[in-house]
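Participant: Residue numbers (the numbering used here), protein chains in the order written: chain A, 1 to 495; chain B, 1 to 98.
A hint or two may mislead.
Among chain A residues calculated to face chain B with C-beta under 8 Å, some are [unchecked claim]: (1) F206; (2) S243; (3) Y315.
No wet-lab data here; the hints were simulated from the structure. Note that this is a predicted model, so its numbers are computed, not measured. Quick reminder that beta carbons are idealized off the backbone N, C-alpha and C, glycines included.
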Amino acid sequence: MHPTDFTLAGALAALEEGAISSVELTQAHLDGIAKLNPRLNAYITVTAEKALAQAAESDARRKRGEARALEGIPLAIKDLFCTAGTETTAGSRILKGFVPPYESTVSQKLLDDGAVFLGKANLDEFAMGSSNTTSAAGPVENPWSRANDPDTRLVPGGSSGGSAAAVAARMALGATATDTGGSIRQPAAFCGIAGIKPTYGRCSRFGIVAFASSLDQAGPVARTVEDCALLLTSMAGFDPKDSTSADIAVPNFAAACRRGVKGLRIGVPKEYRLDGLAPEIGALWDQGLAWLREQGAETVEISLPHTKYALPTYYIVAPAEASSNLARYDGVRFGSRVTEPGSDLRDLYERTRAAGFGAEVKRRIMIGTYVLSAGYYDAYYLKAQKIRALIRRDFEEAFKQVDAIVTPATPSAAFGMDEKQDDPVTMYLNDVFTVTANLAGLPGLAVPAGLDGQGLPLGLQVIGKAFDEESVFAVGHAIERAANFTAAPGLRAGA
Amino acid sequence: MSLDSATVRRIASLARIRLEDDELSRMQAEINGILGWIEQLQAVDTEGVEPMAGGSPVGQVQARLRPDAVTDGDRAEQVLANAPDRMGAWFGVPKVVE
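Just chain A, with the same shape it has in the complex (with noise of 0.2 Å):
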């Protein structure tokens, strides 16, 4: 077995029982990164001589007996989470040689638990997008292809596409990602691995850079459930840096994975099996669902009325929180800047600002000091927060009957690099199913199901209620133990 073929517990139990050590597994791994990252992309920033380091420093612990939690697994970071002593761009121009001199919370606590970082991986500049086709550092490429038309390259989804490509690829055991409309979850499904956004205020935002603050939420992508379990374990946890982390014990979810799901009741939403929903997507549910009565699981129609209305309320929220965060990139005290001579302060910051953000980030700082402009702030932002409640309040309902909820995970399997590119509106459809997680605070999960007609992987998504994060897992668990996912793609390290 390749060491890059290993999943993060079998790694863990590798080391332990001295099979491998830290350096090999992660030499393997950057031996991967340098095959295949030249083409895939996943990776801005590759840290060999840190990693490796890191791996000795890890194998001695090991040694005297004072292995911890994560000890010696390599890790992809995405570029969004501030990594001290290591560029973090957030996939835009404007933070171009920005060195953090400090460490996002959640990075910290898996440095603390002995990961090793490989690099900063590629996403959406600012965690906006869902193809990763808008990050300054380039486009990342999914490593699966379709079995028919193996020359078109397709997208691994956004904005944690790099994070996604890299654990797909085997370039990573796992990564840190973070989501705010879908950004871990339908990557994870186009790349047919598993991701979990946990609940709002699971994991600290601190050090992380802001997009939406009342919805970005850190969680890891992995190979598997369990994986995901033991990556969240580790990334939780209150943090006073944080004032909306919360402050409840961190249980153990990797022993949630094996709970099983007997008597549970699994909702499912009548409103998200839309018109034209790919039969190959219903079916896929149809098959999930059946899976989980076969395990001792109930299933029951439940009704979210307000899902409709979910994305488009995203899309006024969203961009204006960012609006209001992205002010800060002024070209003064950090980042790049941009001036003509003669210019005067106001001419500098339109300029920097100009150059430094792309197109989609530019679209929606526009349309967030829009809906936030004096005269359209109740039409527009009020409106949205009023139709949050109600759909929070969905789903309050329905967590009255039921103990999770299951669905797709994305309306379609991955589609090709210049696909949906030419209408904002037709890209952000991807996160229709993924969307109103974040708008309710709720953690979701998405799980590899199955294959498409052309090979490409599907998922579904288990949502849970509030800090529920262990019910999740243990249907998450069940539907990737009844689905046996064990197909992998061409483009993999080791292969």
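Could you slot chain B onto chain A? The hints should help.
Facilitator: Structure of chain B alone, referenced to chain A:
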């Protein structure tokens, strides 16, 4: 409703993003496309609904108070380390006051 080009220019100015003439019409069309799609929200009855501010699921997390005390500081070098135009212990900007 549809935004005219003067309004789009005003928004760009509020957002401090320089918009070249050749970018204006494309930006205007895209923003109007998005706003047209968002317009469907006006059909939702929100009478008497409390707006949801913040992202926390209801009833689970209370906002915390902390002592009003300095917990950090004396990091001028780190704060200035990424400045595009550092002048000694200050951030350099074009002349603001004549």
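Participant: Now, for every hint given, state plainly whether the structure supports it.
Facilitator: Hints and how they fare:
Taking 8 Å as the C-beta contact cut-off toward chain B, the hint placing F206 (chain A) at the interface is violated, the least distance being around 12 Å. Here the hint on S243 (chain A) is kept, as its CB sits about 6 Å from the closest CB of chain B, short of 8 Å. Interface hint status for Y315 (chain A): upheld, as the beta-carbon distance to the closest one in chain B is roughly 6 Å, under 8 Å.
Checked against the numbered hints given earlier, the structure breaks only hint 1 and satisfies all the rest.
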